[in-house]
Amino acid sequence: MTKKQTPSQTIGPFFAYGLTPEQYDYNLNSVAMPQLTGENQEGTAIRIEGQVFDGEGAAVGDAMIEIWQADTAGRYAHPSDNRGSNTGFKGFGRVGTGTDPEQRFFFETVKPGAVGQGQAPHINVIVFMRGMLNHAYTRIYFSDEAEANTTDPVLATVPAERRGTLIAERDTRKGTTVYRFDIHMQGPKETVFFDL
Amino acid sequence: MADVFKPRDWSSHPAYLSPDYKSTALRSPTKPLIPLTQSLSEITGPVYGQESVGPLDADLTKNGAGTGEPLGERIIVTGQVLDEDGRPVPDTLIEVWQANAAGRYVHAADQHDAPLDPNFFGGGRCATNAEGWYAFRTIKPGAYPWGNHLNAWRPNHIHFSLFGPSFATRLITQMYFPSDPLLELDPIFLATPEGARDRLVADFSMESTEAGIALGYRFDIVLRGRNETPMDS
Ligand SMILES: [Fe+2]
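These protein sequence lines are chains D and U, in that order.
Start counting the first sequence at 1; every next residue gets the next number (the working numbering).
Start counting the second sequence at 1001; every next residue gets the next number (the working numbering).
Since no wrong hints were added, every one of them can be taken at face value.
The calculated lysine-lysine pairs, modelled on DSS-like cross-linking and capped at a C-alpha distance of 25 Å, are:
1) U/Lys1031 with U/Lys1006
2) D/Lys4 with U/Lys1006
3) D/Lys189 with U/Lys1022
4) D/Lys189 with U/Lys1031
5) U/Lys1062 with U/Lys1140
6) D/Lys3 with U/Lys1006
To be clear, the hints were calculated from the coordinates, so they are not data collected in a lab.
With the hints as extra help, turn the sequences into a complete structure.
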């Protein structure tokens, strides 16, 4: 029995009380938060932050970003990863860009390990916003993994001049490792989005 | 060996750039998407099911109620979540959000001059059962104006968010109501390829109508299916 996919529609401007209620102070618990780490989480704690820019370079204040990542050992918390997740790390985060004065998003997480041989550590990303009728997939790689990045099979499919759009820049702030990852919907720095 | 998922069917989904929906102009990617061969990163995904649904989450007529009951027409929305091969998608979370009967969202940024309902919140969630069936109870949402063009109104709709079995099956969509005259005027609905639009419109369902309580609507959802060839690892 063959069925046809249900079409995607935009998330619209008013998702916050349904999808990110705690972050926006609505009276409903959230199933996912910008903080992915619990107490005594194994691995290197990192913060990822950035902004989403539209085609005129304006920061978008009504985007929602989701991330999905492996734990510090490169294991996903999912039955299809039958190696088992060793750290009890769910690896899913969700944030809206509407609660920061500069429309920044942030995640507090751990740096993922490489999922397989030859792969560079990365975080899988979905971008949603009003004005997007389909979500867009992208990936975060890390600037301090230059060597692993050269062998990563997905980065290798990206034209060299656009790879930089996928690489988060490492910085240290008050002892915390912060990676900056901006998302440009259009323009010379347009982020690479994937069809997967 | 784990299955990979069938591609997003671009004959079913709207184009990113749909000029009649004005805000797509500055928010849609201009360069072609780069094909990505699925690996564990895409065929895995967050696992959310029944355990994520609180006691009142699937009853929007109750989960925002203060001292009274929300105004408007009570409805039950039910349906089956399937993949392209007709296999039910079991125990997967569905998150919904919508305007109240007057067409007003509780969202702080909603400026529409229509009343909030002190007994209605508009956000909720439910999960599919082992056969892929879900149901929630709510109030039929009202139409509301928006700034896309002069005298633009969104048809009645409920926003849906689903995970399915993987990161690749993620879907956010909107459910519309049958016989709504605004559908043929709505640039968001019309951005959908013509042959796929009716999949976004629920059917009135006498079968799911509860006598004396609430009208029933049936809305089935189809997520990406699995490929026959497994992932080469
Ligand atoms: Fe809406």
